[in-house]
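Q: One letter stands for each residue in the lines below.
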Amino acid sequence: MSYLELSHVQKSFGIVKVVHDFNMSIEEGEFVSFLGPSGCGKTTVLRMIAGFESVTGGTITIGGVNQNGLKPNKRNIGMVFQAYALFPNMTVAENVAFGLKVAGASKAEIDARVKEMLDLIHLGHLADRYPYQMSGGQQQRVALARALANKPKVLLLDEPLSALDAKIRVSLREEIRLIQRKLGITTIFVTHDQEEALSISDRIVVMNAGIADQIGTPSDIYNKPSTRFVAGFVGTLNILEAKVENPDAATVRFAGRNMTIPPANLNGAGNGASITVALRPEALSLSKTPSSDVAIEGRVVSVNFLGSVIRTRMDVGGQQVSFDMFNNPGLQPPQIGEIATAHFNASDVLVIPN
Amino acid sequence: MTAKKFWSWFAVFVAAFYFIVPLLATLEFSMRMRRGTYSFDAYRSVFADQRFVSTFSYSVVMALITIAIGALLIVPTAYWVRLRMPYLRPVVEFVTLLPLVVPAIVIIFGYLRLYNSSSWLPLTNTETGSNALLVFGFMTMSLPYMYRAVDTAMRTIDVAVLTEAAESLGASWPTILFRCIFPNVLTGVLSGAFITFAIAVGEFTMPSLLNRPAFGPYLALIGANKAYEPPALAMIAFAMTWVSIILINITTRLQKGAAGAR
Chain P
0 MSYLELSHVQ KSFGIVKVVH DFNMSIEEGE FVSFLGPSGC GKTTVLRMIA
50 GFESVTGGTI TIGGVNQNGL KPNKRNIGMV FQAYALFPNM TVAENVAFGL
100 KVAGASKAEI DARVKEMLDL IHLGHLADRY PYQMSGGQQQ RVALARALAN
150 KPKVLLLDEP LSALDAKIRV SLREEIRLIQ RKLGITTIFV THDQEEALSI
200 SDRIVVMNAG IADQIGTPSD IYNKPSTRFV AGFVGTLNIL EAKVENPDAA
250 TVRFAGRNMT IPPANLNGAG NGASITVALR PEALSLSKTP SSDVAIEGRV
300 VSVNFLGSVI RTRMDVGGQQ VSFDMFNNPG LQPPQIGEIA TAHFNASDVL
350 VIPN
Chain E
0 MTAKKFWSWF AVFVAAFYFI VPLLATLEFS MRMRRGTYSF DAYRSVFADQ
50 RFVSTFSYSV VMALITIAIG ALLIVPTAYW VRLRMPYLRP VVEFVTLLPL
100 VVPAIVIIFG YLRLYNSSSW LPLTNTETGS NALLVFGFMT MSLPYMYRAV
150 DTAMRTIDVA VLTEAAESLG ASWPTILFRC IFPNVLTGVL SGAFITFAIA
200 VGEFTMPSLL NRPAFGPYLA LIGANKAYEP PALAMIAFAM TWVSIILINI
250 TTRLQKGAAG AR
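If you read the protein sequences in the order shown, they are chains P and E. To convert, note that position 43 of the first sequence is 42 in numbering that gives the first Met the number 0; the numbers rise steadily by one, no gaps. To convert, note that position 106 of the second sequence is 105 in numbering that gives the first Met the number 0; the numbers rise steadily by one, no gaps.
Isolated chain E, as found in the complex (with noise of 0.2 Å):
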């Protein structure tokens, strides 16, 4: 083994090292519920619970909502600002960067300011307010990388000559724009849906301020009060992300034409 290989090697090995070390540890700790011996206990205890059924199901919806949206908001954007508004791309690329330096807590308080009981528009008055709230926040905080997967997916494309190529075939923007175009960025809106929902389920500061029932605080909650449920609670949630990255390359895969295409 030449020595490049072997640093090349060792590197991989710290790099695992330092990920799976932790993730092994939590795994143990949580099957250590029971005295003695390994077993599931922490997990029966997460999955009878009440409280992780209602604000999983709640964050799960909310993130259901803010991806639909979302998408609706981000894939004509992306593709007006490709097709017609070029020079707009450096103002767009930072407006949605903004999400990445300014805190989720400094949004919610400006939501909270600009929203509260006595605004001009009180939208924490009403559990629908507070909800459309939370699905605003989980929007902003997704913006960078829903915005950045639509756009990379419009990149392999060509959206001016198909668009072109639609309206001489006599089609109108709104079927060029769902027959045309969206089905060819399928794969960055589904990547930008599942970092999104990710954003979502296991957001704290938004949904905690607003007064929500959804799966960050509640995570919180437990973690504050319970031994063994946290670590499990945790191992849950790293599953659903992993789940979501391999449905992510199954759906890029399987998606007609276009990944050939690539």
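Looking at chain P on its own, in the form it has when it is part of the complex (with noise of 0.2 Å):
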């Protein structure tokens, strides 16, 4: 058994069941994230492991026991919050201690872990501050030294890094890593934001409507997504019409060309069958490299202009084919009008159940 454990978890609001049957086993030390649209349930299913919702159906099971109906006092989680929740009457060192002191920890106890805890993100010297008197990521940090004071046995983040600016958002989550790594703590993220849950994770759960859609390393979440949902709400991706040719040969036609994709891909898909194939951006490529034996051609519609990445998008048989070229300021990107060729392999082709 996995030491936190969710078990045909639902959740319903009167009549709205905003989380169906939720599956999902934890191991001791994981960092999970939990990524999804607004609305999707992620953050409802962390209140209730927390214990801020009861579950309408289904078992919580932390280290082996049953958290169902236990107070969200008694279960011994920490909790960090998106709108940081310190205690606007209490200092740095009184927000942190305070858990401790709920707890009946003795004097001497409770100064060195607050030391300790602060010393950990760093902000020992401010110590003396009330939560106004800092910026929004000291602040998230003393929460999350707050939420760690007690070893809580499991860390939940609720979009921790939502409220904070792009540049802190980056230092702020490798350094949540980096301490989750340290203590080796069971840590839940929820977010939005497929960045972060792609960075941090060992694993991440996409949701949509309620359901798990897909639970998987970053890695595979990315380049093996499981439905349409996950392939379009992780990364960009070209989502394309194809049809088979040929199941035997794992044969698809797409854009009036054929091509050989790996027969794993097709995932059953019979001759003539409609399929949706999907394309990362930046498996195709202007220039034809060894690898690409697939080449389409189609005008281009646009060219942004994104940093380190030029994004050009064209339209190819009318299908819109997005593809990446990195940013070279000596080498001219497509005009908007012109047509040009776009290679890829084959293999990079993943075909999106329908």
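The set of hints was computed from the structure by calculation and includes no laboratory data. Every value quoted in this text rests on a predicted model; they were computed, and no experiment measured them. Check each hint, because a few of them may be wrong.
25 Å max Cα-Cα, derived SDA-like pairs, lysine to any residue [stated by the list, open to error]: (1) 106(P) to 177(E); (2) 287(P) to 329(P); (3) 73(P) to 159(E); (4) 70(P) to 67(E); (5) 106(P) to 159(E); (6) 70(P) to 172(E); (7) 152(P) to 174(E); (8) 242(P) to 277(P); (9) 70(P) to 92(E); (10) 100(P) to 174(E); (11) 70(P) to 116(E); (12) 114(P) to 174(E); (13) 152(P) to 75(E); (14) 70(P) to 176(E); (15) 100(P) to 128(P); (16) 106(P) to 178(E); (17) 150(P) to 174(E); (18) 73(P) to 173(E); (19) 106(P) to 238(E); (20) 223(P) to 240(P); (21) 16(P) to 159(E).
Dock chain to chain to rebuild the complex, using the hints, since each chain is given by itself in its own frame.
A: Spelled out as structure tokens, the structure:
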């Protein structure tokens, strides 16, 4: 049995079912991200683990102990909120000490633990400050230290970086991952930002409409999306319609060309079946490489400069295909209206189950 | 000076004139007890009167009890309505506004009818019972101000998230309420407390009909029988109000952390 088990967990608010039969096993020390759009049920699952919402059906166990019906203050789960939730009337040190005081720890114990936690987040020098005297990033680090002070069984992070600016988000997410690895604490991180989830997680749960669409490593989620939703939600993807020409040879026809893809990618689609194929923009290139075996021609309809990358979109037989090229000042990007040829390897083609 | 600015200043002067002139006239009259010269004789006379000390002390004690019970009743109520029963807010707001439209005399007659010596709960039979009725009356009258002050203070903090944060750290309900929520709405509680204090100290109808030795009836008595002491008492009452307002400001500024968080 895994450390944290969610078995057939369901949640309804009145007649509205927001989480349908959610199953997941999380190992001790694992960092798992719940990724999905707003309203997909990721925060509801998190809140059920924390005990802020009761489960309508199913069970949640931590370390083999059933958590159903256990009040939030009896679960020993650390939680970090999007809005920081530091107590405004307490200093940084008092905030971090709060849980320890509630638990009845001795003063010496509290002082030592507060110092340890503040050193962990590199804010020992701000121990006497009040929350309003600190930046958002600093407040969130204090919230993290406060959540960790009681040595919780599980750490829950509910979109902790959403209220911060882009630069702080990146540095703080790295810091969170570093601290998590150092302490080896089982962590669940809720986010709607795919880059955040991909960069720091051991595993990602992509949620859609109350269902876990796919659970896998960041690489699996990105490279082998199992549903059209996952394919569309994680990263940028060219979604194209194609037809199976020869299932035995795994040949599909797309944009007037036949191409042979890895047979396993066909997922058993029969002859003449309409399928949805997907291609990451980075799988296409303007120049032919030794591995590219398919070329498609189209008219360039837009060219977007994204800094390090230039994203070009072209029309291929009525379907839109985007591809990326690194920004090279010495190399002229395609011009709108011109005919361009993009090359790719057929094995990079993903077949998305409809 | 533009026409707009001129009329703004004109409005300020008219308002100031309207408020300050009667006050200055009262102050001036209160200092004319000694013929031909200004003096504080009226104030000396007021402070020398034993009844002033006893009635004022009585009203202060009643006000403090009202504030304590009122805060203990209203803070958890406002907290719970915000946290768990937001759908009840309109009802609670309506109930707390009722004392503004129901006159004190109606409230106290209701009390006397319900709790008189021949009722099933004859509170008016004893001094303690009458004092309790007076406190309940003051609480009712201060309800619109106390509830709004506390509710407004709660609006400035995220009650739900702070509660959940405290819960996840193992805190029980009393700990959450008294260590995490109460200190952050202290400004609101104090604002409500000072208004309650002003109401309780100056109220005439309720203590008069309950036959309690309060400051309000004493003021009325002095006003009916003496010339210079009533304006002196009015100035003292006015000074107390101002001290209360200054105290609200000071406590708001000095409150640790919370002031800056707003």
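Q: Let me make sure I understand: some of the numbered hints might not hold for this structure. Which ones are they, in numerical order?
A: 4, 5, 9, 11, 13 and 19
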